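Each chain, written out:
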Amino acid sequence: MNINVPRCGSLQFMARDLCDRLGLGYVETPEYSERTVEIGVTLAPELVCFPMKVLIGSAVEALESGADTLVMVAGYGPCRFNYFAEIQKRILEREGYRFRLLTFDSPRDTPREFYNNLRALLPESRTGLVGMLRQVALALRKGRALDEIEKRAMALRALEAEEGAVDQAAAESREALSAAISKAEIEEAGVLARRLFGRVALDDERPHLRVGVVGEMLVSMEPYFNFDILNWLARRDAAVERSLYTSDIFTPGGHPVLGFDDRMIESAASPYVCHEIGGHGHVNVAATADYARRGFDAVVHFFPFTCLPEVIAKTVFVRIAGEFEMPILSISIDEQTGRAGMQTRLEALVDLAWSNRERKLARGAHARAAAGA
Amino acid sequence: MKVGIPRAMLFHHYGEYWLNFLETLGVEAVVSEATTPDIITSGAVHADNETCLPVKVFSGHIIWLKERVDVVLVPRVVSEQYGTLACPKFMGLPDLARALDPDLPPVLAPRIHLADRRYLWAREWYSVARALGGTRLASASAVAGLLYGLEKHRVQARARPAAEGMTVGVAGHLYNVHDSRASLGLLDRVKSMGANPVTVDQVVPSRARMQAETLSRRIFWGYESRLAGAVLHWSRTRSVAGILYVTSFACGPGSIVGALLEDQLGREGSVPLMTITLDEHAAEAGLITRLEAFIDMLRRARRSSPGGLSVGGAQGVRS
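Here the protein sequences line up with chains A and B, keeping their order. Residue 1036 is where the first sequence starts when you use my numbering, and the numbers rise one by one after that. Residue 1140 is where the second sequence starts when you use my numbering, and the numbers rise one by one after that.
Same shape as in the complex, but just chain A (with noise of 0.2 angstroms):
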């Protein structure tokens, strides 16, 4: 049994490790390139959204590469993407791929189908029902600390006294994590994380932005489709935070994005978006209403075109952005997306952040001078 799972921000590095711990068969994801979104638009119906085409380019990708089982996520929430497996499947078969695809809902809502699942990878894997379980929790445990990490260095990047320095505890933390197997090495590698991160030498004094990243799911959180925007806005002096980490998704009990559970995210986002609506629209207004309030410079919104969830949230973005006077750039991302385009258009962004908050500091400076007086 060779199995594959997408690509996408923190899942790969846990379902490889989950898959070493059950002793199956792992077929790495070949990195998202050209060809894959043009296998994905040549196959996909003509009108479903980008993560879709993309993930049928994958999938046919990963099958040559050598996968025979194909894992999934759907559900039964309003996002278009909880029905695509069943689209996906029915596509491959026509093309005439031969495969298993192994179709994960949330065990809350089919939790037989969710059993039966986990029962079909039984045979091929070292441990029981139960052992399989204690692994899955492992996993996620360990993608939390990767993601940990990642969150660390986004943060700490603009502020390094030395270039490469967080990249540098960053690689190491990840090379520690990656070795660990039972829960106490994974805290362990966590608290060396912490250690390596603190010994970075950092300079206070340099001005720099703060900007949040939100968005869709694949296009938020892999380099290939926001042109690496983590990187590049560090490299521009921008501390940054984002809303959608993998493992935060698959954590159970809500979604503790932020830090936030379903009622703090409920909160956050009134009187924004009064209700959820799918994928992570609420998730996303909640994160940026959060950015807002706390004084942030800028918000830089992905999404696919026509994601529908991501444009309700577009459109209440018009609102938070007057309200708080703090830029929001929404960038729709499809197969057409020109790669120049979109750096003119983050640049003016940020000189439009830094001008801003000149502005402010201009406009504070003013009501103390008359305040004095």
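If you're looking for bench data, these hints aren't it; they were derived computationally from the structure. Predicted, not measured: the structure shown is a model, and the values here were computed from it. Among these hints, one or two may not hold up.
[To be verified] Facing chain A, according to a computed beta carbon distance under 10 angstroms, are these residues of chain B, among others: (1) V1194; (2) R1237; (3) L1247; (4) R1250; (5) G1391; (6) E1401; (7) Q1403.
All residues carry an ideal CB built from backbone N, CA and C; glycine is no exception.
Given chain A, put chain B in place with the hints provided.
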């Protein structure tokens, strides 16, 4: 006080019940005029450019209401059937309306969540009724009337006038199909070409549901599930000569269900299916040509084989 209701989106499903609700309360209701080209244009200008045609039409209606009413009623439809959900756009519709224009009158957004059989959402309608100045009794009876109407709507099909000749199934959202401006008069055009159009709301819901359950994965959008069920019913009973699948550009559920139906019907063999995609760049000439070609093809096939045309390939005609 004047309460405005945009004649768009789910007004075409539930409008009469909303109007009854307001009437029981004795509040004056203002429904925006039937969609005009100006409304579509103003909607396309105000709404986000990546929203679907019906949302743009909806935005146009909201802008039309802006100066004319004191408060706008945009119910938040979360689900239309047991075990399903609505399209994300319906769930976010009031928020979308509020973000459209800062000078908009207040938007009332009570929920409709028919999957929640405990009817906790009915309380929101009660508070809206009280806020609009209804007495306790009037409010309670207005809410009861609304619930009764919605339940009736859920299980009953719209009456279908008896007609001779070839029938063509028109599978599309009611707010596209019944809006003669947004759909460029699709139903009338089909009629004038000598065929009888049947819409999804004329198929008995229980029958559609039974057919939809034969799909390998349950469709979780309420209306789309009914639409897919109706299409399968038409195709499997051969009760129509052909099917027009009408969707709007950037419609999320439509893109998925369209792909699913094309594949499913292609596998099992069906009557011809043509996909028509609507957007605000209304191009009547192109639509007429395609409709004429499709209906001519159906008519010819009927003449040569009385049982009608059956297509085994992936799809009949695509546009």
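With 10 angstroms as the cut and Cβ atoms as the points, is B/V1194 at the interface with chain A? holds, 9 angstroms
Using 10 angstroms as the Cβ threshold, decide whether B/R1237 counts as touching chain A. holds, 7 angstroms
Chain A contact restraint for B/G1391 - C-beta distance below 10 angstroms: Where the cut-off is 10 angstroms and the nearest Cβ of chain A is about 4 angstroms from B/G1391, the hint holds.
Under 10 angstroms is the threshold here; is the Cβ of B/R1250 close enough to any Cβ of chain A for the hint to stand? Status holds, d = 8 angstroms.
Could you check if B/L1247 really has its C-beta closer than 10 angstroms to a C-beta on chain A? Cβ of B/L1247 sits 12 angstroms from chain A, so the hint is violated.
With chain A as the partner, please determine if B/Q1403 meets the hint condition of a C-beta pair closer than 10 angstroms. Since chain A brings a Cβ to about 8 angstroms from B/Q1403, closer than 10 angstroms, the hint holds.
Taking 10 angstroms as the limit, does the beta-carbon of B/E1401 come near enough to a beta-carbon in chain A? The hint holds - B/E1401 has a Cβ within 10 angstroms of chain A, the shortest such distance being about 8 angstroms.
Hint 3 from the earlier list is the only one contradicted by this structure; the remaining hints agree with it.
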